[in-house]
Every structure is written in C-alpha cells, then in structure tokens.
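A.B. asks: Spelled out, the chains give:
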Amino acid sequence: MPKEHPISVRVTLLLLLLLLAIGFAAEPRRVSVYAPQTNYQVDILVRDGVDYVGITDLLEPLGRLESHLEGKKLILVFNGGAAEFQEGKRQYRTRSNNKLELVSNFLLVDGRGYIPAASITQLLSSIAGQSAEFHAGPRRLFIGSTQFHYSAELRRAPSRLVLSFPTPVNPSSLIERNRVRLLFHREAVVSNGADNVSYGDPFLASTSFTEIPGGAEFIANILQPATVSISDGGHTVTIAAVPSPTPVPIAPAAPTAGQAANQARPTVPAPRSRPFVILDAAHGGYETGAVLSPTLLEKNVNLALARRLQKELDARGIPVVLTRVADNLLTWDQRAVSANTSHASLYVAIHASGSGHGVRVYTSMVGAPQAGQSKRSFMPWELAQWPYLEQSGMAAAALVVECTASGLPVRSSAAPLRPLNSITVAAIAVEVAPQGNSPDELGSAEYQQKIAAALASGIASLRGKLEVAQ
Amino acid sequence: MISRKLQYAVAALVLAILAMGFYLVHLKRKAETISAGPVTQALTAPVIGPAAQMTLYLASDEDNSLRPNTISSALPSDPGERGRLALHTLVARYLQTGSPHPLGTGADVHDVYLLDPASAVVNLNAAFANTHRSGIEVEQLTIFSMVLTLKAQLPQLTRVRFLVDGKSRDTLAGHIDLAGWLDVAMVAEASKSLQ
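Heads up: the protein sequence lines correspond to chains A and B, in order. Each position in the first sequence, counted from 1, maps to that position plus 2 in my numbering. Each position in the second sequence, counted from 1, maps to that position plus 672 in my numbering.
Keep in mind the hints are simulated off the structure, nothing from the lab. Quantities reported herein were computed from a predicted structural model and do not represent experimental measurements. Among the hints, a few may not be true.
Claimed, not checked - Away from chain A, derived, C-beta distances all over 12 Å, residues of chain B:
no.: 1; residue: 687
no.: 2; residue: 780
no.: 3; residue: 793
no.: 4; residue: 806
no.: 5; residue: 861
To be verified - Okay, derived cross-link-like pairs now, DSS-like style, lysine-lysine, Cα gap no bigger than 30 Å in a straight line:
no.: 6; chain 1: A; residue 1: 75; chain 2: A; residue 2: 101
no.: 7; chain 1: B; residue 1: 864; chain 2: A; residue 2: 452
no.: 8; chain 1: A; residue 1: 75; chain 2: A; residue 2: 313
no.: 9; chain 1: B; residue 1: 677; chain 2: A; residue 2: 467
no.: 10; chain 1: A; residue 1: 91; chain 2: A; residue 2: 75
To be verified - With the C-beta cut set under 10 Å, the calculated list includes, among others, these residues of chain B facing chain A:
no.: 11; residue: 675
no.: 12; residue: 694
no.: 13; residue: 735
no.: 14; residue: 739
no.: 15; residue: 750
no.: 16; residue: 752
no.: 17; residue: 802
no.: 18; residue: 809
no.: 19; residue: 810
no.: 20; residue: 811
no.: 21; residue: 836
no.: 22; residue: 837
no.: 23; residue: 851
no.: 24; residue: 854
no.: 25; residue: 858
no.: 26; residue: 866
The C-beta atom is built at its ideal place from N, Cα and C for all residues, glycine as well.
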C-alpha cells in the first residue's frame, strides 16, 4: 500500500505548483503609448475578458491630472477638461455635460479608476480634445500625430535596401541566415500601406512589416549575406549585401605602393556617421528625479526636452544621439560609457528643477590628478574628464551666450555631478527651471521649445571649434 | 492518560504566554505614548567658551546665492566641536520658519570628525538627505554652504567628505555627488558665481 503523505506536505506541494503556474504565466500585457512628450507603457488589467487600463497611469505623463473619489464616483480633471465616472456603469459625463459610453463598465479597484482599452481614444478626445489612434492588436496608442511611416527603396550596384524615416530611429537589428529583422521598440513607426512586398532580386526576395506588442518588426528575406547600418542621424537604415571577395582587377599601369595597398584592401561598408552631440536625459524608470508638481516628474521633462533639442539639432544638420529614448534607467557608468564610445564631441546631460529660474549650465568639478601627469597620461575613471575641462568650459560659455540672447536667465558654475567626471569629451549638464514661479511651466511645450532652440543654437556655434580642440 | 504533572506544566506554560502577551501590549502602549509626545531637540549644543566671530555661508533660494553672515557666538576650543557647532547653527537657521533655503523636518548633523587638520568628515542624519529637495542647484547650495561654513571655522581644511548615518551615499537627493571627497578650494572657486 503506498504511503499517504500528510496534509501539510500536500498543501505545500499544491502551493508550489500554483506559484510555478503563476511564474510561467504569459508575460504582462501592456499598452505602448507614443505621445509628443514621451513614450511609456501602461499595464493592462483583464476583467471578464476585457482589457482595462488605469486612467491615472494613462494620463499622468501627458499633463496635469487631478482625481477625486466620492464614494463610487471618480471625478477627473485633466488639462482643463473633466469627466465623471461611476463604478459599474458604462456611461460617463464630461465637463460640457455630454453623456458618453465606454465599451464596457467603468472599474474601481483599490481606489484607482480603470477604463476599457478600447475606449482610450474616445476618452482622450472627450476630456482633453486630443486626437489618438489605438491599434488594438499590437496594443499601441498614438497620441496626436506621433506615428510615422517609412519608405523602402531597393537600390543596385551594390544591392541594398534603403529605408527612410521622417524622424530618427534606432532599431535593434538581428541578422539571421536568410533574413534580417529590425525591431522598433521605441519608435512610433507604422505601416506604409505595403506590408508585404516581393522584390525577386538576387539579393532581396521580399520584405514584411508587422506591428507587434510593444513595437514593430520589419523583416527582409535575403538571399545573400547582409549588413545593417544606420546613417543620416538615424533617418536612414540600409540593409546592404556584403560584397563577395572578388579578385582586384590588375591596373594596366603599375600603381604606386600606396595605390596598391588601397586596392588590395577589401571593401568595407561605409562607417556610421559620427554624432556631434550625445544628449542624456537624466533619471528614468523608478528613479524619477525631482517631483516638480503632483503630475510632473523630472525624468519626463528631461526626456521631452532632450527630444525637442534633438529635433532642433536635426533641423540644423547636427548629428545627435540620445542615451535613452524611453522611460528606462541607466546607471551613471552606462551613460559615461555611451558617451565615450559614441565618439561624439559633446556630452550634454539634461535636468529640470522647480527651484530658481531659467537655465543653469554646469561643468565638472573634477580635481587635477597627481602632479606630473599630463593630459595625455592614463586617467583614473573618476578623473577622466580632467583633460577636457577647457573644452567643457568653452561649451558652457557658448550655451550661456545663446540663452542670454534668447532672454533666458542663465548662470554657469562647476558642480560635483555624475557622470561628468568620467566623460572623455567636452561634457556639461544643463538644469532648466521655470521662468516664473510655477514649476508647471516646465511641462509647457512653448517654454521647452524656447529652451531647446537656445541650447541648439549654442551647440551649433560649437561645431568646428570642439572638433579642432579634440 | 496524560499525567497530572504534564497537565500542570502545560497550564503553567499557557499562563506564562498570556502574562508575556499582556506585558508586551503594556510595553507597546508605553512606547507609543513616549513617541507621540513633543520632540525636543537641541539644535545647537550649549557651549562654554570665549565669544568669537562665526561666519555662516547662508544659501538663499530667492536669488540662488550664497552669502557670508557673521554672528557672535561662544566657540569651543576643540576644532571638531567648533565645526560641529557651526554646522548645527547653520542647519538651525535653515530649519527656522521662513528660511530662505528650507531643509526637511528633522534634518540634522550628527557629527563632524577631523581626520587631520585638513580633512573633515561630516555625518548627516538620514532625515537630512531623505527630505532634501531634489535638484542640482538646490543641493549644490546646501553642500557648498556647509563646506564654506566649515572652512571659515577651520582655515586649514582642504577636503570634506559627507556621510549619511555613518554610511557613504551616492548623492544628496539624486544630483550632487557625495560619494567622494570634495576639494574645498574647488568649492570656494565654484561658489564665486553664487556670491
């Protein structure tokens, strides 16, 4: 007769099985939101087979949000608009007393309001007057006109597929035996109307584009080995055939030694264009930075400002790279390594503060190394900025001049700030504060644009000077 | 059949558990009564010594400045004690109602240690860092005002290190680097734009 296990053992085993089942359950479902200010993700709560999203999670990064709970009623005030929801009811009222209906009942869970994901666009339009487009399958929400299309062109001699984008992209590329996959995790790229294209080319058989949860995927089915390169400041992605090693034709006349060396060298793909500036939106993820107002976090303002500055620099033809383009946290060392390996000429960290007014520009307060060490000596990680202090000072001065010219209060000083000490190019940190007394000004597109334009002019004035100094 | 002795032992144990439970509740209530009372904290230590000039570098959020402010105070002869008194006085100013550079409730300086005449370690309490406002300039003003105030009392000082509850901390409130030594001369130089 088999030995009976005691009840406690059976209960423990059951609990373990339950935990394993939960652990191996499907990955958490999220809505990816692409907004002009920032990109972020909102968790989905599934109730009775319907996908719900938290109103606060959805609206907080987009502007000023206040919500009051009165019994089973939730009153929401957002960017001047308002709405009143009732738990368990589909109908809700807006400030203009319009009665609208959600696709299923409004939920209140632990004092937090949830609406069906399928009603997001209606809600944004009714209370904030914001147009939005929700792609239910891949769970991607585009607010305003953030989504953009791409164009693809097959060029020959050498064979290459050139993808052009209206805004900079930085997809992950996976090169497999017979295909190249480009994954767009952060970019709001959408279909251009031709999702599957057959080329029938000796290099490229076909391509396909699909929106997937959390992004989009472009697949090129190739017939020869290929490389992927990003150029034109992120506006162009090229999938090119790797040239086969053909013998170098013999020149009729005897070449010089230098020419011979050049001809014998195998063809290599053109190097990626070197960025002039690397923009680092400080903080991110759980590290929010300063809480500027109940609805405005420093990390979001930093990213929004970095994006505006990127656009301004792009417009001036200045190649730029961002350390982060989403709400993720990087360590100081990761930021420094990004800057040092990008071979940019200038690193700019972007911060925001509710205290004080205008713009502050900081350089590193790194100490001089031991006596006898020259700028060419090997520097410890925490003193790596020392040889570049003069260039950093030059960069800070240029930004001060342009901010002053734009009528922004501005000041410059040195401060012990990370990761400035470990950057091996000209490095500055910029902290923006409101012009008036309200920190909410930092969330204003107009004010951000004014600052971005002034900073971009300052950075543009450094072009040529910093490269010469390097 | 359970023996009589075992029954007595179990009964005694149950009584002991009940008694300990009551005592625990009593202790908890007593502790709550004590913590609910008004917190009395001497922000500046009483000092016996000759009156002398003490320079405090006061930060102001109004114009984001650092300005020297000289007061008369009895100063101890021990340099470490003098530094501690100066920082206590500075923090007390910042904690006053209507302060031009307010610190969070409960902010305090535990101690100032002099490793040698040139090196000081300032040990802040956790509330100082945890309740400090976040931002480069606002954190810079606090740290620079403390370094310059210390330097005014200890002229030989060349470097200062900040700890929080005796432990190293990366930043004060997310921005200003507290992980290493601060060079007093560099702080003084950088402060010129704030004065």
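A.B. asks: Evaluate each hint against the coordinates.
C.D. replies: Here's how the hints hold up against the structure:
1. No Cβ of chain A comes within 12 Å of the Cβ of residue 687 (chain B); the nearest lies about 29 Å off, and the non-interface call holds.
2. At roughly 22 Å from the closest C-beta of chain A, the C-beta of residue 780 (chain B) stays outside 12 Å, upholding its exclusion from the interface.
3. At roughly 16 Å, the least C-beta separation between residue 793 (chain B) and chain A is larger than 12 Å, which holds for a residue marked as non-interface.
4. Residue 806 (chain B), annotated as away from the interface, has a beta carbon of chain A within 12 Å; the closest lies near 4 Å.
5. The non-interface label for residue 861 (chain B) is inconsistent with chain A: the shortest C-beta to C-beta separation is roughly 7 Å, within 12 Å.
6. The hinted pair formed by residue 75 (chain A) and residue 101 (chain A) meets the criterion: a straight-line CA distance of about 15 Å does not exceed 30 Å.
7. For the hint pairing residue 864 (chain B) with residue 452 (chain A), the CA-to-CA distance comes to about 28 Å; that is within 30 Å, so the pair holds.
8. Simply put, residue 75 (chain A) and residue 313 (chain A) have alpha-carbon atoms about 42 Å apart, too far for the 30 Å limit, and the pair is violated.
9. With a C-alpha separation of about 96 Å, the suggested pair residue 677 (chain B) and residue 467 (chain A) falls outside the 30 Å cut-off, and the hint is violated.
10. A distance of roughly 10 Å separates the Cα atoms of residue 91 (chain A) and residue 75 (chain A); the hinted pair therefore holds under the 30 Å criterion.
11. Restraint check, residue 675 (chain B) versus chain A: the minimum CB separation of about 27 Å is more than 10 Å; hint violated.
12. Interface restraint check: residue 694 (chain B) against chain A, minimum CB-CB distance 32 Å, threshold 10 Å, status violated.
13. Among the interface hints, the one on residue 735 (chain B) holds; its C-beta lies about 9 Å from the nearest C-beta in chain A, closer than the 10 Å criterion.
14. Residue-level restraint check for residue 739 (chain B) is violated (minimum Cβ-Cβ distance to chain A is 16 Å; threshold 10 Å).
15. Hint status for residue 750 (chain B): violated, given a least beta-carbon distance of 29 Å to chain A, over 10 Å.
16. For the restraint placing residue 752 (chain B) at the interface with chain A, the shortest Cβ-Cβ distance is roughly 24 Å, beyond the 10 Å limit, so the hint is violated.
17. Taken as an interface hint, residue 802 (chain B) does not check out: its beta carbon lies about 14 Å from the nearest beta carbon of chain A, beyond 10 Å.
18. Taking 10 Å as the C-beta cut-off, the interface hint given for residue 809 (chain B) holds, the closest approach to chain A being about 5 Å.
19. Checking residue 810 (chain B) against chain A: minimum C-beta separation of about 5 Å stays under 10 Å; hint holds.
20. At about 9 Å, the closest approach between the beta carbon of residue 811 (chain B) and any beta carbon in chain A falls short of 10 Å, and the interface hint on this residue holds.
21. The interface hint given for residue 836 (chain B) is violated, since its Cβ lies 15 Å from the closest Cβ of chain A, which is over the 10 Å cut-off.
22. Interface restraint check for residue 837 (chain B): the shortest CB-CB distance to chain A comes to about 20 Å, outside 10 Å, so the restraint is violated.
23. Hint status for residue 851 (chain B): holds, given a least beta-carbon distance of 8 Å to chain A, under 10 Å.
24. For residue 854 (chain B), the shortest C-beta to C-beta distance to chain A is roughly 6 Å, which falls under 10 Å, so the interface hint holds.
25. Because the beta carbon of residue 858 (chain B) sits about 5 Å from the nearest beta carbon in chain A, less than 10 Å, this interface hint is met.
26. About 7 Å separates the beta-carbon of residue 866 (chain B) from the nearest beta-carbon of chain A, less than 10 Å, and the hint is met.
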